[in-house]
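Peer 1: Spelled out from the first residue to the last, the chains are:
2 protein chains.
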Amino acid sequence: MNKPDFRRWQNRIGAARGDRKVDLLLLGGKVVNVFNGTIEETSVAIYDGRVVGFGDYDADEKYDLKGRYLAPGLIEGHIHIESSKLTPSRFAEIVVPHGTSTVIADPHEIANVWGIAGIKYMIECSRELPLDIFYMLPSCVPATSMETAGAVLTANDLNTLLEDESILGIGEVMNFPGAYSGDYDILAKIALSAGDKPIDGHAPGLTGKNLSAYMIAGPSTDHECLELDEAVEKLSCGMRIMIREGSTAHNLDTLLPLINEQTERRCMFVTDDKRPGDLLDEGHLDYILRRAVSKGLDPITAVRMVTLNTAEAFGLTGRGGISPGWRADLVLFEDLQSFKVNEVWHGGKLVARDGTILTEVAECKAEYYSGRLNVPELEPDAILVEDRQCRIRVIGIMPEQIVTKALSVYMPSADGFLTSDIDNDIIKLVVVDRHSGKGNIGIGFVQGFGIRRGAIGSTVAHDSHNIIVTGVDDNSIIAAISHLVKIGGGQVVTDGNQIKATLSLPIAGLMSDKSVTEVVSFEEELIKGARINGCKLKDPFMVLSFLALPVIPELKLTDRGLVDVVKFQPVSLYEKE
Amino acid sequence: MNKPDFRRWQNRIGAARGDRKVDLLLLGGKVVNVFNGTIEETSVAIYDGRVVGFGDYDADEKYDLKGRYLAPGLIEGHIHIESSKLTPSRFAEIVVPHGTSTVIADPHEIANVWGIAGIKYMIECSRELPLDIFYMLPSCVPATSMETAGAVLTANDLNTLLEDESILGIGEVMNFPGAYSGDYDILAKIALSAGDKPIDGHAPGLTGKNLSAYMIAGPSTDHECLELDEAVEKLSCGMRIMIREGSTAHNLDTLLPLINEQTERRCMFVTDDKRPGDLLDEGHLDYILRRAVSKGLDPITAVRMVTLNTAEAFGLTGRGGISPGWRADLVLFEDLQSFKVNEVWHGGKLVARDGTILTEVAECKAEYYSGRLNVPELEPDAILVEDRQCRIRVIGIMPEQIVTKALSVYMPSADGFLTSDIDNDIIKLVVVDRHSGKGNIGIGFVQGFGIRRGAIGSTVAHDSHNIIVTGVDDNSIIAAISHLVKIGGGQVVTDGNQIKATLSLPIAGLMSDKSVTEVVSFEEELIKGARINGCKLKDPFMVLSFLALPVIPELKLTDRGLVDVVKFQPVSLYEKE
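Chains A and B are the protein sequences, given in the same order.
FYI, in this note's numbering the residues of the first sequence are -13 to 563.
FYI, in this note's numbering the residues of the second sequence are -13 to 563.
I should point out that these hints are in silico values taken from the structure, not numbers from a laboratory.
Note that the coordinates shown come from a computational prediction; the quantities given were computed from them, not determined experimentally.
Check before you lean on any hint, since a few could be wrong.
Any copy will do: because identical chains look the same in the list, a pair fits if it lies in one copy or spans two.
As the list claims (entries may be wrong) - BS3-like mimics (lysine-lysine), calculated; alpha carbons at most 30 Å apart, straight line:
(1) Lys553 x Lys7
(2) Lys106 x Lys(-11)
(3) Lys106 x Lys183
(4) Lys351 x Lys281
(5) Lys335 x Lys7
(6) Lys183 x Lys(-11)
(7) Lys486 x Lys16
(8) Lys16 x Lys281
(9) Lys335 x Lys52
Chain A with its partners taken away, still in its complex shape (with noise of 0.2 Å):
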């Protein structure tokens, strides 16, 4: 146990007591309480950090809300950081201004990259922010056997950072089946929380009786609910519902309904995955405010469940509502429909007015990997494929969604060889081992992206982030694969051995160095050279994202080769074998 300061303990009180001058006094507002769900007009005083009393104070500067409205600081209770291709400091600058003052992250994409090390990176980078990032410890590292990840993260493993301040409890439990089949090693990682740390779930569809061994295994929350009746169940079951809206999944329309009087406690709204272009255009937190109360929702119940429902599930004492001794992290909205976010005071400082963040913000100076992806030099003929005179397996691109079908065809060859079918709009996937070192590469085709020339290619692909290319022509590909080594990770758009366009993103193939807007600008000309290229989707390097994520069906693409996730075991590129 800490030993507290009792002396800035006891200054606290006094100026609680009105025996000393309080630092700010934020007065004429409406103090959105989420304690008693109403709508006080009262003066709020702060006092080296938090919130101390309400009502009149003497104070060193009083500043006036003019009927605003002043909220708690919102908190997101489940995120990947790394979806933001953000480090931390870049995604506090950008979250921070739509008033997020708290955020519960999982960083089990870094820690697929760079393991325990990545974890740390991330923590580390955490420190000083105006933003209070705390971690979920990645309980599914790698996510499958079936491909080739940085690292293999055991209990033991997890167990070396389980008392570090910043870590709440075990993240996602993905290998929902090893839970509800009682896998050891799943439970030996569930065990870490020793029963009093949270544990998130991760679930998608699971209903009845093995819903219930799930629970029992460990995980008390959701953020997977893609149907009402499924959140439904697991909420009457005693789970704690996360209505996901972030920048993969959409959920905040389907899953309203189940907000009510009664089950809103239960219930939190958070992003999962958020792209920087999304937080840019959209905001944060204060984007699904917006929405859900334009879709109906009580304006106080909806701050309540990035809040008060959000500090309450995580165990964050002290946080997640306006109280004396909580912290002063507040967000000044302009009304509670535009939820608008005017100002937002992190820890009694004002860091954030009217969309900019008002505080320097240092980059992380934690040490990392140099950035060089462990990948052999690539042979020409790396990627051939032989011409065996049948039907091939081939994934299809469902329009928005990440799950995939499994298609059969025949494909045209020349010299013995496989070759795109440009006007069937099927092209070659080639997944490239990033992290052993042993240069594996998976290769098949993929039916949807509408490219008729050249290559794209990313180093961001769920969840081991191996290179993912897809491309017209094997020089492109190549090029491509070779860029991203060149570059410590990152995008590219080729044609054939020209790059037409690149994002670096050299925080373990993740994540840029760089502000949002540079990144989204990047971004932007990436999408701009795969159009060219002739690619229809409207995100491509998304949907490349997820083809080689092993647990979503039907057909998917690791460095091993395809997985048929249906029966959840690799199959051949060749129907006959």
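For chain A, the structure is supplied; the task is to place chain B on it using the hints.
Peer 2: Below, chain B alone, put in the same frame as chain A:
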């Protein structure tokens, strides 16, 4: 961290999946779902002490609930078990058949007598019961420095118990002026919570800036609200409100309007103190449920206030709802109006039916002091009071209240010593230090008992629990004191040298080792004896037990003499001094 029993865990998971027979299937009932606020017709499967699933299961035993209401076992959020005069075992015997599964107790009565040994005794006696008892560490022993208690518990003393698994947090911070003034010794005890263990408050009438200061000191609950306004303010500031309906305080009717759909989650029902006769006649939390619902509260909301809300307030995971993996602590109500308890399961085991405990409850084997009170033999003239020919200060009893009035009276005398004034209902009151061995005796007079002969005495006298006796003549008083010393603590009615009725309380002079029916029968004899002596009060021993508590206005008597509680300082018996 304790290594979990993986085999057992896996078996529970398997039982949930339906792969192994469950122990018990409760079918045909209506399940009170505290998560979604509905009544659900489903079966509940139990295996190895836990709820493992809903719906149909192959079971060793199937039990038909016949349409009755299955609710989570009830949780008492704040009680002093000692007030029941029962040991934890005997307390369990009476409350378990009323549906109580978990109790959060503050052992501050015994702590004032036996110190840390007393708390350890309670913990030790609470093992292996059909009731889970958790303890809060008493934060205010002794209550004041104006009396002699059996112990002084410092933060260092309390720290020795902090890691015991039955300790949940810091007990009610009754020295609220000390807390809101930032008193170091108080803060040092609160600091043991390390910012994440719950801290109970006790702040009657506290409001505004002092309330804020008190909250910054740490307490996050309050059970002392006497007025609705007070409760409304405390809740709006972020405190959780315990609505108290026990033997001494009856706040339910006044505070019921506090509860609405927005505030309910921040409210609990507690008893604080429950006398043995009331436990027998009324029940425990089931009594509050039936009263609250009869006053118009929604029954599911009422149930939630003694289950999920309390569990959440104290961070008790796996309790307070019917959920896979949570404890199979269940209560079967005949209906949700009478809340008549039919069956009670504790950890999956049927422990009570129709008011009768079904399991053997062993008496505690823990060693405790022999029970000898530390009082030197009294001289016959030990309680003589010199007549100084002036008005004296007399304690005036207020009907049905624990506050008193300070009266100013000329008393009769004989042989130069003041005597009781039976015609004016003013008799002698004596408090004898039973802890230090120094033989301190405080002597005063009290108006309002109606006693016309003999004396009544007790070793239950909040908070230090010295010997307190009131009576007409010194013989009767000394006989009472001597008897109480002889039996090692208890309660007594004397008339001259004759013992008219007595109840032995060998455990710290507070608790019997008998069952509740035996204790109540002795109590009835005591009341009868007091009546014969002329006493008109409904419960003279309860009134007596608060006359030595120098934190309740206006005038009280400790072993050091009279205390003017308004001025919070000792005061002479004689007005002219």
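Peer 1: Each hint should be assessed against the structure and marked as holding or not.
Peer 2: Here's how the hints hold up against the structure:
1. For the identical chains of this complex, lysine 553 and lysine 7 are inter-copy neighbours only, at 29 Å across copies versus 67 Å inside a copy, given an alpha-carbon limit of 30 Å.
2. For the homomeric pair lysine 106 and lysine -11, the shortest alpha-carbon distances inside one copy (25 Å) and between copies (26 Å) are both at most 30 Å.
3. In this assembly of identical chains, lysine 106 and lysine 183 lie within 30 Å of each other by CA distance both inside one copy and across copies; the values are 20 Å within and 27 Å between.
4. In this assembly of identical chains, lysine 351 and lysine 281 lie within 30 Å of each other by CA distance neither inside one copy nor across copies; the values are 43 Å within and 62 Å between.
5. For a Cα distance limit of 30 Å, the shortest separation of lysine 335 from lysine 7 inside one copy, 16 Å, qualifies, whereas the shortest one across copies, 58 Å, does not.
6. In this assembly of identical chains, lysine 183 and lysine -11 lie within 30 Å of each other by CA distance both inside one copy and across copies; the values are 23 Å within and 15 Å between.
7. In this assembly of identical chains, lysine 486 and lysine 16 lie within 30 Å of each other by CA distance neither inside one copy nor across copies; the values are 52 Å within and 66 Å between.
8. Taking identical chains as interchangeable, the C-alpha atoms of lysine 16 and lysine 281 lie at most 30 Å apart only when both belong to the same chain, with a minimum of 23 Å there against 34 Å between chains.
9. With identical chains, the CA atoms of lysine 335 and lysine 52 are at most 30 Å apart within one copy only, with a shortest distance of 19 Å there and 60 Å across copies.
Checked against the numbered hints given earlier, this structure breaks hints 4, 7; the rest are met.
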